[in-house]
Amino acid sequence: MARAGCALCAFAVKNEDLIFERGNGNGGPTTLHSRIDLHTHTTASDGRLSPAELVARAARLGIRVLGITDHDTTEGVAAALAAAERWDITIVPGVEISALAGREELHLLGYFVDPANAELQEALARTRRARRERAQKMVVRLGKLGLPIEWERVLAFAGDGDSIGRPHVASALLEAGHVQTWDEAFDLWIGRGCPAYVERYKLPPEEAIRLVRRSGGLAVLAHPFIYDQQGERRSSLDLQHWLPRLRRAGLEGIEVYYPHYPRRASRQLLDWAVRYQLLPTGGSDFHGGELHNGLGSVAVPWAVWQGLSRRHHLTGVAA
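Read in the working numbering, the sequence shown has 263 at position 263, and its numbers run on one by one without any break.
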């Protein structure tokens with residue numbers, strides 16, 4: 001595999017203050033805005049802004065590079081590219097694919113994927129069908145638990161999006177008055193291990209990586225850690241086990257800059273990036289709200305984009 005971008009990893013580790021040059025010291029929200037946001041969602045999945053609205057907001061914030069990474073769909077990419085013609089902004093066509101690594105769920109970001117790739121679209125369609133079936137089962141289970149919601153309301157919250165997710169179920173629960181917040185919906189009812197949670201089909205991670213590569217893209221491991229707003233780690237992938245395996249499968253990067261990451265977490269992930277010759281990437285995981293992870297709120301060095309685009313030019317062919 002090509003090693004383009006490894007020098008970037010080493011540079012970032014030696015100059016770690018660069019990571020936080022515009023942030024609040026821990027990779028989290030800031031009143032300033034990064035020029036790069038490689039992790040965003042639109043109404044094509046569970047975001048609140050249409051692709052055109054997202055692009056316009058990003059441009060007004062001074063973002064120069066925007067990744068469109070909806071869950072298990074590339075439906076929003078074409079509209080984002082069309083909207084970007086009005087603005088001085090580069091759109092990175094992408095997708096966030098759910099995968100099951102043993103008993104652990106992980107997400108893979110595919111950058112520079114070709115939305116017209118038939119093999120990729122067939123796999124994503126299968127995953128979206130599983131999403132829809134899972135959401136329907138959750139609605140039934142919630143009703144049996146004494147929290148009735150209408151399936152039509154879940155569909156209404158999904159709007160024109162073709163990737164129905166738990167956030168749409170959470171919105172219906174909130175509207176019905178069964179919960180006070182989204183967090184409550186997930187923590188008490190529809191999160192993993194909760195009474196209304198239902199498992200669904202997910203791709204093996206090696207298969208997801210293969211699909212990204214065969215569609216001309218670069219596969220990046222999304223948010224290996226998850227921290228809450230208080231800085232407490234809520235989940236963590238066993239990187240020591242999975243990174244070597246995913247790298248052998250063709251993984252090209254790892255998301256180092258992400259909301260609420262304390263400095264030690266980003267530093268640790270940079271160390272892993274150097275060890276496995278992975279590109280560091282980052283973004284806000286913006287879904288439409290301004291609280292906690294606003295668009296462009298995570299400081300991402302410009303060198304990240306340079307390394308990502310360089311590696312794409314070197315390795316961005318079907319494999």
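Calculated directly from the structure, the hints in this document are not laboratory data.
From a predicted model like this one, the values you see are computed outputs, not experimental measurements.
The C-beta atom is built at its ideal place from N, Cα and C for all residues, glycine as well.
It is possible that some hints are incorrect.
What the hints assert, rightly or not - Label-pair restraints from in silico Cβ distances:
| no. | residue 1 | residue 2 | range |
| --- | --- | --- | --- |
| 1 | E150 | H313 | 25 to 31 Å |
| 2 | A82 | G62 | 36 to 42 Å |
| 3 | A249 | L155 | 42 to 48 Å |
| 4 | V140 | R103 | 32 to 38 Å |
| 5 | A78 | L314 | 24 to 30 Å |
| 6 | A116 | V140 | 34 to 40 Å |
| 7 | K144 | R86 | 14 to 20 Å |
| 8 | R129 | G102 | 20 to 26 Å |
| 9 | D271 | E175 | 27 to 33 Å |
| 10 | P244 | R86 | 32 to 38 Å |
| 11 | A78 | R103 | 20 to 26 Å |
Against the structure, the hints:
1. E150 x H313: 25 to 31 Å: 49 Å, violated
2. A82 x G62: 36 to 42 Å: 21 Å, violated
3. A249 x L155: 42 to 48 Å: Cβ of A249 to Cβ of L155: about 36 Å, so the range 42 to 48 Å is violated.
4. V140 x R103: 32 to 38 Å: Taking Cβ atoms as reference, V140 and R103 lie about 25 Å apart, which means the hint is violated.
5. A78 x L314: 24 to 30 Å: Taking Cβ atoms as reference, A78 and L314 lie about 26 Å apart, which means the hint holds.
6. A116 x V140: 34 to 40 Å: With Cβ atoms ~36 Å apart, the hint holds.
7. K144 x R86: 14 to 20 Å: 49 Å, violated
8. R129 x G102: 20 to 26 Å: Taking Cβ atoms as reference, R129 and G102 lie about 23 Å apart, which means the hint holds.
9. D271 x E175: 27 to 33 Å: Given about 44 Å between the Cβ atoms, the range is violated.
10. P244 x R86: 32 to 38 Å: Given a distance of about 44 Å, which is not inside 32 to 38 Å, the answer is violated.
11. A78 x R103: 20 to 26 Å: Cβ of A78 to Cβ of R103: about 36 Å, so the range 20 to 26 Å is violated.
Going through the hint list in order, the structure does not satisfy hints 1, 2, 3, 4, 7, 9, 10 and 11.
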